[in-house]
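Novice: Single-letter residue listing:
4 protein chains.
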Amino acid sequence: MKPEMKIRFNNDYSEGAHSEIMARLNETNMIQTAGYGEDPFCDSARDAIKRQFGCQQADVHFLVGGTQANLTVIAAALRPHQAVICAETGHINVHETGAIEACGHKVIGLPHNEGTITAEQIDAYVKAHYNDETHEHITQPKLVYISQPTELGTIYSKDALTAIYQICQKHGLYLFIDGARLGYGLSSADNDLDDKTFSALSDVFTIGGTKMGALFGEAVVINHPALKQDFRYIMKQKGAMLAKGRLLGIQFLSFFEKDLYRRLGNHADELAMHLKTAMLAKGYTPYVNSPTNQQFFILPDADLLEIEKYFTYAYIERIDATHSAVRFCTSWATRPEDVKTLIKFIDALH
Amino acid sequence: MKPEMKIRFNNDYSEGAHSEIMARLNETNMIQTAGYGEDPFCDSARDAIKRQFGCQQADVHFLVGGTQANLTVIAAALRPHQAVICAETGHINVHETGAIEACGHKVIGLPHNEGTITAEQIDAYVKAHYNDETHEHITQPKLVYISQPTELGTIYSKDALTAIYQICQKHGLYLFIDGARLGYGLSSADNDLDDKTFSALSDVFTIGGTKMGALFGEAVVINHPALKQDFRYIMKQKGAMLAKGRLLGIQFLSFFEKDLYRRLGNHADELAMHLKTAMLAKGYTPYVNSPTNQQFFILPDADLLEIEKYFTYAYIERIDATHSAVRFCTSWATRPEDVKTLIKFIDALH
Amino acid sequence: MKPEMKIRFNNDYSEGAHSEIMARLNETNMIQTAGYGEDPFCDSARDAIKRQFGCQQADVHFLVGGTQANLTVIAAALRPHQAVICAETGHINVHETGAIEACGHKVIGLPHNEGTITAEQIDAYVKAHYNDETHEHITQPKLVYISQPTELGTIYSKDALTAIYQICQKHGLYLFIDGARLGYGLSSADNDLDDKTFSALSDVFTIGGTKMGALFGEAVVINHPALKQDFRYIMKQKGAMLAKGRLLGIQFLSFFEKDLYRRLGNHADELAMHLKTAMLAKGYTPYVNSPTNQQFFILPDADLLEIEKYFTYAYIERIDATHSAVRFCTSWATRPEDVKTLIKFIDALH
Amino acid sequence: MKPEMKIRFNNDYSEGAHSEIMARLNETNMIQTAGYGEDPFCDSARDAIKRQFGCQQADVHFLVGGTQANLTVIAAALRPHQAVICAETGHINVHETGAIEACGHKVIGLPHNEGTITAEQIDAYVKAHYNDETHEHITQPKLVYISQPTELGTIYSKDALTAIYQICQKHGLYLFIDGARLGYGLSSADNDLDDKTFSALSDVFTIGGTKMGALFGEAVVINHPALKQDFRYIMKQKGAMLAKGRLLGIQFLSFFEKDLYRRLGNHADELAMHLKTAMLAKGYTPYVNSPTNQQFFILPDADLLEIEKYFTYAYIERIDATHSAVRFCTSWATRPEDVKTLIKFIDALH
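Residue numbers (the numbering used here), protein chains in the order written: chain A, 1 to 350; chain B, 1001 to 1350; chain C, 2001 to 2350; chain D, 3001 to 3350.
By construction, these hints were calculated from the structure, which means they are not laboratory data.
If you're wondering where the values come from, they're calculated on a predicted model, not measured in any experiment.
Note that the Cβ used here is the ideal one computed from N, Cα and C, for glycine as well.
Warning: the hint list may mix true and false statements.
Away from chain A, derived, C-beta distances all over 12 Å, residues of chain C [stated by the list, open to error]:
(1) Q2057
(2) A2076
(3) P2080
(4) K2106
(5) P2111
(6) E2136
(7) Q2140
(8) A2160
(9) Q2229
(10) M2235
(11) Y2284
(12) L2305
(13) T2322
Coverage of chain A stretches by chain C, computed from C-beta distances (three or more under 8 Å per stretch; other residues unrestricted) [claimed, not checked]:
(14) 210 to 222
(15) 227 to 234
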């Protein structure tokens, strides 16, 4: 191995798109269609998604990126005085440069457990809000944002998600599930949520394409009728309506016509489990116990210095004077031989 | 005492205005002046404030209310991606219904010590921001908001404020001090900041009128040149430019021409100290050790049930099954005999 | 007359408040009440307004100023992609420093006729919007804003207002009437709208206090149920919830308990008609034919140079090389002798 | 010809990407790179653009779409009270669903001449603003937005653009040129602006990719130092920072490495001139005299009914009872034989 040719494990968007997707983009390239998502490819992709997730009544829209999808959904859902509840670690709270606040809304970060929050926390927060005599002086909680899998790679079980959805319904809150890495969650061996149940336990969710093997793209699936109205106006306003919307339709059709989305999820998760096993065997402490493609471990800095000569990873935080938490990602594009190389390299560290 | 005539200690804005202020409003009532703060009364009030706080180069503006002043200052100071750092308990973070977020900016609440934050906390936060490789994905800290006195009645010492101001200057942050109750802070026996030093240790601060004996009104004093430009445009946009601006000028002139502001601060703080002494003597536990007009104590619920028959207080939070934290406020308008009545009443509780 | 003691006709907010209002503020000054508009004075004022305007089902809120009231109502009413239709001359379009845009909404200015727009114009605009294939790329018209009287002093007749309200209902638009000078409109000899009919032909309207003899204050009357929810949250967020809300209640109670509002409207309108008659007699060309307290005329610059030595007026625009359009206002505070003085002065100009 | 296989002339984004671009996307597909525009392809594309436009000191960023680019640039440039001046027909004024207002800024539409505005208009507007005594009550003009070519296909000459840039500099306004179809403008036979001069006469401009043969993408070129700071923060906040930023770099590198951008511009403009000549020969009245790829003509409705059986066009507006204005676009993808077919078809109309 030569250091100048590092193998990338720092994230899951280091390559272009899966070959099946590229093939279809090439085939359809010179076909003329209408713009702005009103083409036959988008229509077919919408149908495929609604079949897959069992949500025939849903509206499905295609947007380019995750921050864009999050801010558009939330801007469409909330009135000016309303706020979003999420985990402190929620992507909208920490890694979107205040995109939600720029739309006028406070993001309320609750303490998290490995990236997740609970129905009990939500219930307590909302009750406390309305019990406060001065609640009109405080932003009104109206939407709960969770990620599946979470930003730390963990997943909500069927029981946990059911409880959250029920508490949202009880309090009149919308439940928005960010599925930027949804495929890696649904494909996880630990996942007990089938696609249809998952959809039925949400008001709106996204299906991430970028990190799952598309060039780019997130599908927004809107189940709750109150969230459907005029969504395309708001997409356009936020710069989220792609002129050549067909590109999104073509890619999502590729994902859901022949189960590619699930196959790619399985691919990445299996490789991640190999890596996890090796890390545990090496004696590294898990930072989070993740069943998906993102693996967070605590490593000696000395080992990291060696590893980073040949591999990239994402630095998370310092743990103590000689240890750091880091993240290794597999993805749809990860080559099994590269994982083997990494595992061998780690094993060989003294 | 009849229960239907409760004596109010729940806040410091239960009455109209101090008699000297009302007298001057009456005297000047039918004089014709220009509108929007461009009248001779406002000019004189600006001069008086600049003399009092030794800030001859400052711009001084008069606004109606505290939330209005906070959101106008912050909207004027920040670019879209920039955020405010404050204590978790900061008024802008918890009691302005997301006014700052509605202007597009994230409010970053740091853990507090009796309502205060430290220069070290600010320094650590800003350093961590710029050390993060992905800092462009995170809102950029640009302004520090503190309150003097804090929302819990405590005050920053000269040393603490100096350290905060220096760290702000080091990192290119603006320091904004919310003085909604400034008079009660500057008048406190524990205060070691004279008015001129206080002003010199800030980029912009407010001088609260509403809670200090005016019908309404907050003066915004802008020391930092970069914050001065076009401030009146933004006032107008935010609905914060009073047509009959003279009313603000007249009131602030009354405050600062004959030291009324300080006299009223002394009045309230002295009464608060009597009450504090009595509460401590009674054996009540302080919730916060406040040297100003707001006194936070933990009382048995049984006592509160008696007290609230004749007096109002503000409920803060439940402490345990039989105790609650509450707030009693004195103010410019509090009658010494009412404090005596309350003290006697508490003494008499079995 | 000495030039340094100019008599002000440039606007209708040059003085403090009417003596009846000041008297009541003085009387009630030291009474203790709850804050934020939840006091008995506000309750009584709400009742008086609902009686006067025959809108028992309405919600009534009190805010400090006109820009504040306009932006709060519109922010509460619209979703992000929705826009306001108004006359090009509408206050929100030209004199609020983009307050509505700062809340995220486009203001669509239609051509005006002496400050008014018509039902036909609104109908045509909305139809054109929905007929456009790309209407999702264009802000969606959702609220119509008109002023009664208009910014040019003219008034909508019962027929005109009925037509506008009906077209709004047909298209699902809210009708918001800005009554910053409502009293001068309702009191006009040309007005054929009684108070109850006026209210019944709107979804939300304001009753201006500042220009009608209050120190400050606008009442927002919300008739449409969809506009009522959580309005106080949004007031607080916009800095529009006065701590000593009682001050607004006391003033509006004064206006509507003994018909003061109408009396003051009559006073100003009658004086304005004297002035108008004199101007016409002098041969000055009306810029607008206004039946209310604002009189817009075209005068020779030479005459204006003389007039401005002793009187103030508002400059509107240059008409030709030797003539300008200007505005003279009377108000609740205008002294009949001052109007006589001005009329004599004009008569005497060679 | 079969009606179900209409040939599309309604816009210039009906296909995917030019074959040279697709080829390069395919070749580079599985190469691993850093994300968010920090990869070698983006670096090379930046260099190529800076060479082409002679702006070595510029910052170059790549965004996905035009509305996104416009709103990000303007949000980054303006303070809350500042407004954009543009032609009434400006894309930001009429076809972005209020994207600029959603960022808080008023868009001031000036009357246009075939889509253009003049330095004189800008000068007059700005002078009038500052001459108005109440200018603080009016949004402050700070940025001029023009499009090259305009939304009506016309172009600014070197003289016209020089005059606009000079007046902007005189008044301290930023000049932002929207180049969504820049290649069709720069390639026009009527254009007298070379690329370097064009760039030198702007503070910031965009280079459109979507309509010029990319799958998507707009380059933002920032010349003015004040507009550079922290632009990436604001991109991220607005959802405009593509995870796989390399896709933008690869496409723009394809455009500017071997002059593809100019070749495609020439292609479309030449075909448009053939069509224009034929339309004029047929006796159709030009709606606008456009020298670029968008051709606006007034046609009899009877002819349009025939044409639309086999071709698509964009409907603009009704002219009279029997005529309508419509737009035909050529593009990088237009096949010469399709233009010939359309011309023959029109010639054959009785």
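Novice: Now tell me, hint by hint, if it's right for this structure.
Specialist: Hint check results:
1. Q2057: 21 Å, holds
2. A2076: The assertion about A2076 of chain C is violated, with a minimum of 7 Å to chain A.
3. P2080: The claim is violated: P2080 of chain C sits with its nearest Cβ about 5 Å from chain A, within 12 Å.
4. K2106: 10 Å, violated
5. P2111: 25 Å, holds
6. E2136: At roughly 5 Å from the nearest Cβ of chain A, E2136 of chain C sits no farther out than 12 Å, so the non-interface label is violated.
7. Q2140: 6 Å, violated
8. A2160: 30 Å, holds
9. Q2229: 8 Å, violated
10. M2235: 8 Å, violated
11. Y2284: The assertion about Y2284 of chain C holds, with a minimum of 47 Å to chain A.
12. L2305: The claim stands: L2305 of chain C keeps its Cβ more than 12 Å from every Cβ of chain A (closest is about 49 Å).
13. T2322: 48 Å, holds
14. 210 to 222: Violated - the segment 210 to 222 of chain A has 0 residues with a Cβ nearer than 8 Å to chain C, which falls short of three.
15. 227 to 234: holds (count 4)
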